[in-house]
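Asks: Using the numbering used here, read the sequence shown as starting at 27 and increasing by one per residue.
These aren't lab readings, by the way, just hints derived from the structure by calculation. Here the structure is a predicted model, which means the values were calculated and not measured. If a hint is listed, it holds; no wrong ones were tucked in.
Below, a list of computed lysine-lysine pairs in the DSS-like style, where the Cα atoms sit at most 27 angstroms apart: (1) K100 x K74; (2) K108 x K54; (3) K100 x K53; (4) K100 x K33; (5) K54 x K100; (6) K74 x K108; (7) K54 x K33; (8) K82 x K108; (9) K33 x K82; (10) K53 x K108; (11) K100 x K82; (12) K53 x K82; (13) K54 x K82; (14) K53 x K33.
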Amino acid sequence: MVQCSIKAVEFSRSAADFVASLPRALKKTIGQAIRELALNPFLGIQLKGRLYGLRKRRVGDYRILYHFTETTLKVVDVGDRKDIYR
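Start from the sequences and build out the full structure, keeping to the hints where you can.
Replies: What follows is the structure, given as structure tokens:
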């Protein structure tokens, strides 16, 4: 497993609002996926087209869209797979 030195996780307003609105169990699952991404941000798949530069992580029917630098993981959006790419 690749280890990175991510020291901070930042959320966009829309991502933070969406996660806050989720039921507790789903919030916990998404939170665990984000913690895993902080340890290894390469777990997600590189996106193409208009979302080039972002990566996605699948969590059930939900997707986490993010990008990262050497020290920061930025969660750009979290949403249902049917709506997230619009």
